[in-house]
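Asks: The sequence shown maps to residues 1 to 214 in the working numbering.
What the hints contain is simulated information worked out from the structure, not anything from laboratory work. The structure presented is a predicted model; accordingly, all values stated were derived computationally and were not measured. Among the hints, erroneous ones may be present.
Here are the simulated distance ranges between beta carbons [stated by the list, open to error]: (1) S40 x C185: 28 to 34 Å; (2) G60 x C185: 37 to 43 Å; (3) D91 x L17: 38 to 44 Å; (4) A79 x K177: 26 to 32 Å.
EDC-like cross-link-like pairs, simulated, lysine to aspartate or glutamate; straight-line CA separation at most 16 Å [what the hints assert, rightly or not]: (5) K62 x E110; (6) K52 x E63; (7) K52 x E75; (8) K177 x E200; (9) K19 x D47; (10) K62 x D25; (11) K180 x E194; (12) K52 x D42; (13) K177 x E194; (14) K180 x D116; (15) K177 x D193; (16) K62 x D42; (17) K180 x E110.
Beta carbons are placed, not taken as given, at the ideal position from N, Cα and C, and that holds for glycine.
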Amino acid sequence: MTTPFPDATATLPARSLDKRRSILDAASRAFLAHGYGATSMDQVAQDAGVSKRTIYHHFGSKEGLFSALIAMRCERIDAELDRAENGGRLDVEAALMEMGHRFMGLILSEEGQSMDRILTAEAVRFPQLGEIFFEAGPENLTNRIAAFLETRAARGEIAIDDSYRAAACFLMMIQGKVVKCAMMCPDRVGGPDEIRQAVEYGVRLFLNGVRPRD
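With the hints as extra help, turn the sequences into a complete structure.
Replies: Structure (structure tokens):
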């Protein structure tokens with residue numbers, strides 16, 4: 001699965017890759033601790049043990065650095081969806097269950113929640129960040145699920161006439177109120193069992209609407 005970002009590491013030597021990873025790790029810590037607006041490239045450079053010039057060489061700007069972090073997060077989601085699909089060997093219900101559990105695990109992780117809070121807080125001041133995240137995150141994910149649904153519709157496992165809308169509905173169904181609770185009142189989220197039940201109920205409800213009718 002391709003993401004909206006080209007692979008910037010494909011031709012880098014090992015030493016440059018190590019520097020890039022160090023910069024991304026330092027940037028992640030800085031952004032999560034201070035937010036986008038309050039993070040300086042001086043902070044990132046000092047923490048990463050590199051010069052600002054090196055950061056600009058690899059990422060071009062602070063926006064480029066933040067975009068690279070978003071890309072890295074989205075690549076993790078893509079990788080989890082690849083594992084969930086299991087080469088197409090699972091039936092549609094089992095595959096959607098796996099996708100749902102893996103997706104929720106990532107977005108409800110401490111890092112995932114912190115990144116979402118940063119984007120929510122900073123999107124008004126830096127609207128380009130919201131656009132970058134939307135295209136690489138929710139939009140890319142919806143298109144990914146839509147492609148999966150089209151494949152399963154071609155097999156006759158489900159019947160849909162708009163794969164994109166169906167994918168968007170599926171994602172909303174498995175999230176339910178859990179993601180909003182995690183953002184606003186995390187003590188009300190419940191434990192792993194409640195999250196698992198929310199995903200499973202959402203998958204069953206979705207499939208009830210798209211199963212072929214005799």
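Asks: Hint by hint, note whether the structure agrees.
Replies: Evaluation of the provided hints:
1. S40 x C185: 28 to 34 Å: holds, 32 Å
2. G60 x C185: 37 to 43 Å: Taking Cβ atoms as reference, G60 and C185 lie about 38 Å apart, which means the hint holds.
3. D91 x L17: 38 to 44 Å: holds, 39 Å
4. A79 x K177: 26 to 32 Å: holds, 27 Å
5. K62 x E110: This hinted pair is violated, its Cα atoms lying about 23 Å apart.
6. K52 x E63: holds, 14 Å
7. K52 x E75: The hint is violated at about 26 Å.
8. K177 x E200: holds, 14 Å
9. K19 x D47: holds, 12 Å
10. K62 x D25: The hint holds at about 14 Å.
11. K180 x E194: holds, 14 Å
12. K52 x D42: With a Cα-Cα distance of about 7 Å, the restraint between K52 and D42 holds, given a limit of 16 Å.
13. K177 x E194: holds, 11 Å
14. K180 x D116: Holds, at about 11 Å.
15. K177 x D193: holds, 15 Å
16. K62 x D42: Answer holds: K62 to D42 is near 11 Å, not above 16 Å.
17. K180 x E110: Holds, at roughly 14 Å.
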